[in-house]
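Both chains are sitting in their own frames, so use the hints and assemble them into the complex.
Listed below, chain by chain, are the residues.
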Amino acid sequence: MTGEPDGPRAEVLVIGAGASGACVAWSLARAGVDVLCLEQGDWLADEDLPKSHQDWAVRSRHEWNPNPALRRGPFDYPVDNRGGNPVNTYVYSAVGGSAVGWGGAFWRFSPSDFATHRTDGFGRDWPFGYEELEPYYEINEAQMGVSGAAGDPTHPCTSAPPLPPVSMGSMGHRWIAGFEELGWYWWVQHLAIASRDYRGRPACSNRGFCTAGCPTGALAVPGTTYWPEALAAGARLETRARVRRVTVDADGRATGAEYYDAAGELRWATADLVVIAGNGLGTPRLLLMSASPEHPGGLANSSGAVGRGLMIHPQTSVVAHFGERTDADHGPWGATATTRHFYETDPANDFQRGFIITAMRGFNPLDTALQTAPWGAGHHRALEKHLNHEAVLWVCGDDAAEEHNLVRLDHENLDAWGLPGVITEYTMSENSRRMMETGLARATELARAAGADSVRSFGLESPHGWHLLGTARMGDDPRDSVVDARNRSHDVENLYIVDGSTMPAGGTVNPTNTVQAVALRAADHMIATREEWSRSLLDRSGLNRRWRGAPGRR
Amino acid sequence: MAGARGGGLIGAVVDRLIPGDEHWPPGGSTAAVRFVEQAVADGGEQGAAVAAVLQGVSGLAARRGGLFAWLPEPVRDAVLGDVEAQPGWSSGFRMLYELACEGYYTDPLVEAVIRERTGFDAARPLTGVPLEPFDERLLDRVRRLPPSYRPVPR
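From first to last, the protein sequence lines are chains H and Y. The opening residue of the first sequence carries number 1 in this note's numbering; numbering runs sequentially from there. The opening residue of the second sequence carries number 1001 in this note's numbering; numbering runs sequentially from there.
Next comes chain Y alone, as it looks inside the complex (with noise of 0.2 Å):
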């Protein structure tokens, strides 16, 4: 599937975080970007810490020739190493994946997907789903058990 490569930075940087493939839509098509937007926007200790990262993402980009969009995946990968192993930038870093996994995992067109792929039913934890009634039965092996609680001395 084609990501957001020409959407601007975070667009691009979010596609490698969550890359596509035949199944699976990449980050920057989805509600990941807007998610990771929204936090540099807001600003705060998350967004500047965010917002700093992408900053050393372009700077490494730069050095490695050119615009980070722009650069073959495997050069974009390493910037993105490059910059996760940087001690100052590692917090930052892991917050802008779990920014992007939130926008991406709520996104409806990546629910369908992990519906398909996984089984995993994003409506049910909002809408229920009927399941069979205990069965007591079950217990009767450990009913037969004889008690094994301790005694307390007065």
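Same shape as in the complex, but just chain H (with noise of 0.2 Å):
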């Protein structure tokens, strides 16, 4: 594509409307400045979520499925997962991308894990500390709605969340009896679900199985925390909208991006700064397909990091089984409290770093039958048997980012723009691998402490990939990183990256909290340096001698 944009204009144009996107556009757009976001996927309607459905266990295997390779959606694109340990990726494509299927777990980061580098020569050191982040948690706590409690002796934040604990069910208090028998610290799960009415949205009604979506809305997601107000402020979402490249001019700066619309049409949206929250996948696929003669490992990718260091936390569960029936058919299905008892670096254990345990609920009829049951003669004595008789206890540990764990492009599978998908490698590294068999035992551990008379594990060998981090990492030498400390690209000045991918070190905890808090903050840079930046804002002040040139691509 050459000659003039045909396509709209903004000041700012940012690329996926999810958890991130969603942040950004929401903070510039209540400081007066013009945002165009492009997303890929669609709004979701009540009748898109599975929970709106009888048949919502079958429709989270298929349509709904996390895993966009079993999925395949019509704004998904492919990927392919590979190596010693093959990720099964969750990832989605709609208006909050793939904070519309989950379960709401809102941790904020502890302040060594900005720092695991200097505390235990463990992965890489964010450019800033905890202290840096805690305005923006706040923020970001209200906007969502989280529910939760002060007081917890193993984090340092005394403030409480705006709402109160979520409801335990009975099956909380026996995990809670289990912790206490144990004498272990934990906390009543922190969630980003509302415990009472808030800002519109209705108190949870415990139906549970919150990742096959809440149609009541008790559950936060962009679509009904930031976008509502967002939109109001005058931001534009423009959906459906399949972004192939982003381009710059002949000075090295980001004039906007090409894409596909709704209609499939070839379009180039312009914008004086472009911001990318792509996702741990999206985000290095796109800077990947925007290589060109200028920047022929993809742009902003000097460093060649771009894709590289791949994390995802280390996870599995452990299953817990219980003489007695778990009430697996209600209650919010991430609650209902997690330990950071094994959190830090202990030197009596073989691996450096900790995990947490989070204790969970039970599964559903078909999950059951397709995990425990065999077929044949044996298949309701084995369904009677686990069906609301277990619980899950979720083990995630920290990562650090290795080399030849990344994503990088597939051109053999083609989304159906005939843009490539992507591949993943990872390999559970040997410490992630002995901190995970401790994970295990000692979730093991709590499940006998809460009366479990059985335990079944997940094993390691294709671990989660909830949390898709680091493969655009950032730091404070260009030669080995993607992006600053104020989440602006090395190479591409008027260039952000707002996502996960740009963590360093992925923490211990489910990370959107720490991903939103982190667009918060980066967007109030964009604000701050406006002037530095807006050809729109010096137009307007007749101060355009300052800008550098009119917009051209390469």
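Among the clues, some could well be false.
Said to hold, decoys possible - Computed footprint of chain Y on chain H, listed as stretches where at least three residues anywhere in the stretch have a Cβ under 8 Å from a Cβ of chain Y:
id: 1; region: 55–66
id: 2; region: 71–83
id: 3; region: 105–116
id: 4; region: 274–287
To be verified - Chain Y side only, calculated, beta carbon under 8 Å to chain H, not exhaustive:
id: 5; residue: Ala1041
id: 6; residue: Asp1042
id: 7; residue: Pro1074
id: 8; residue: Met1095
id: 9; residue: Arg1117
id: 10; residue: Thr1118
id: 11; residue: Gly1128
id: 12; residue: Leu1131
id: 13; residue: Arg1137
id: 14; residue: Pro1146
id: 15; residue: Ser1148
Keep in mind the hints are simulated off the structure, nothing from the lab. As the structure is a computational prediction, the values presented were derived from the model and not from experiment. Heads up, the beta-carbon is just placed ideally off N, CA and C, and yes, glycines get one too.
Written out as structure tokens, the structure is:
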């Protein structure tokens, strides 16, 4: 495509309407910035959510499957997972991104998560610390409507979440009894689920199985928290817009993006500033697809770090079996409580850093049957043994960025627009393996303390890929990182990357709260430096002599 | 409970994958049959794999004496076991089983039995259930513990 722009123009173009893109659009629009967001997916209506239907468990395995390789939705790009431990990648393409089919776990990182190299020689340090993010956590938790309790001795935060904890139910109390029996630190789960009516969202009605969508709206998703306010403040959101590359001018400045609109027409949206919010797979994919003669290794990739250092949080689960019923048919699925008892490095361990164990609920009948019941004569006996007699303990640990764990383009498998898919390659480190083995042992100990008579494990071979991090990492050294401490590209001064791909270290807890806090902080920097990058602002103020030149593309 | 043995190959196969007993209906009399039939009719990778498995079932049944549905139950189970063990059919056999379970466990008839036999009420995930608010006094012991997060050097 050459010549004049034939698409929309904005002061800031945000690519991706998920958890981080929504934060940036919200923050900028409220500051009076003209924002356009391009989202490859679409708005979700209630009828799109599995939980709006009686056969929700079936829909969750097909059109709502979190793994795009299995879902094969109309807005997905192909994902091929390889390596010693192929990641079961979980991403959605929709307004709200992957935070549409999630459990709402909403912790803050701990101070040590930002300094693992300084403290333990493990992984990479963030270029700033926890204190820097604290005000943005506060904003984000208020906006998302987080339920929880103040006073957790395993974290320095002293302020209370805006809402009290969600209900535990009998299974929660059983887990608490286990924690108390062992004398471990534990805390009530912090969740982006409304425990009371909150800002137009109803209190949770305890339907459970939250990842199958929340038709009531009690579960916070960007489409009901950030986006309505962003749109009311003037932000524009174009859905079903598949970006194929970010464009740059002769000076190396980003000028916008080429994309296929909902009608399949190729268009060029232009802007003074471009923000990529595409997650740990989509962001490196777009940067690598934006290669040009001037950027042969991909845009913003002079370091070679784009796509490298994929972190997933080594994760697995223990499923505890109880003689009594576990009330698996109700209550927020991601509740009830989490322990950070094993969070920090312990010299007594044979691994560095640590893990959390989150105490959850049981599976639905279909998933229970597929996991536990053989075909034939023993089918019902197995189902009756396991269904409503199980509950899950999820183990999630810290992961160091390793260069052989990566995301790269797949030119053999193309999306519906002929654009390349992605290949992930992931092999669990020996540190992670030891950590998870200990995590499984500790989770088993907790299960027994809570009264379980047996456990089964999901193992480590194909780890959950809920958290895809680190593939466009942040750092002070342009030779070794993609963006600076403000999420601005080292190579392209008016290009920001704001999603989880920028995390130099992934912490040990669910990352969405931190992803969004980082995005809000980056947006503040964009606002503070607006006079430096905004041609629109300068045009309005008559100061456009400071502008470096008209956009043209390479 | 009686199954759908006379209702064709798919019904007969599903009857053995998920047999009935005094509590549970056999797969062949539930939505499991429709799920498998629909997948085969839709074609695609899954439909083709399942169709190949069903063809394999028919073929092995013929070698053992006739139509699958007319064979004694132990022989039918042996045929299915042989098909499952074939490397070329094992993934298709798993797909067939998953389809059967998807149909079975979303059939209202089966949901009623699930509720009766396990206490899991399939209506609750759609309607919710009242729960007592969390009692923060449960946190008292932990609140009194010393801080355990790690200080970070500047």
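_Hints violated by the structure (numbers, ascending)_ = 2, 4, 5, 6, 7, 8, 13
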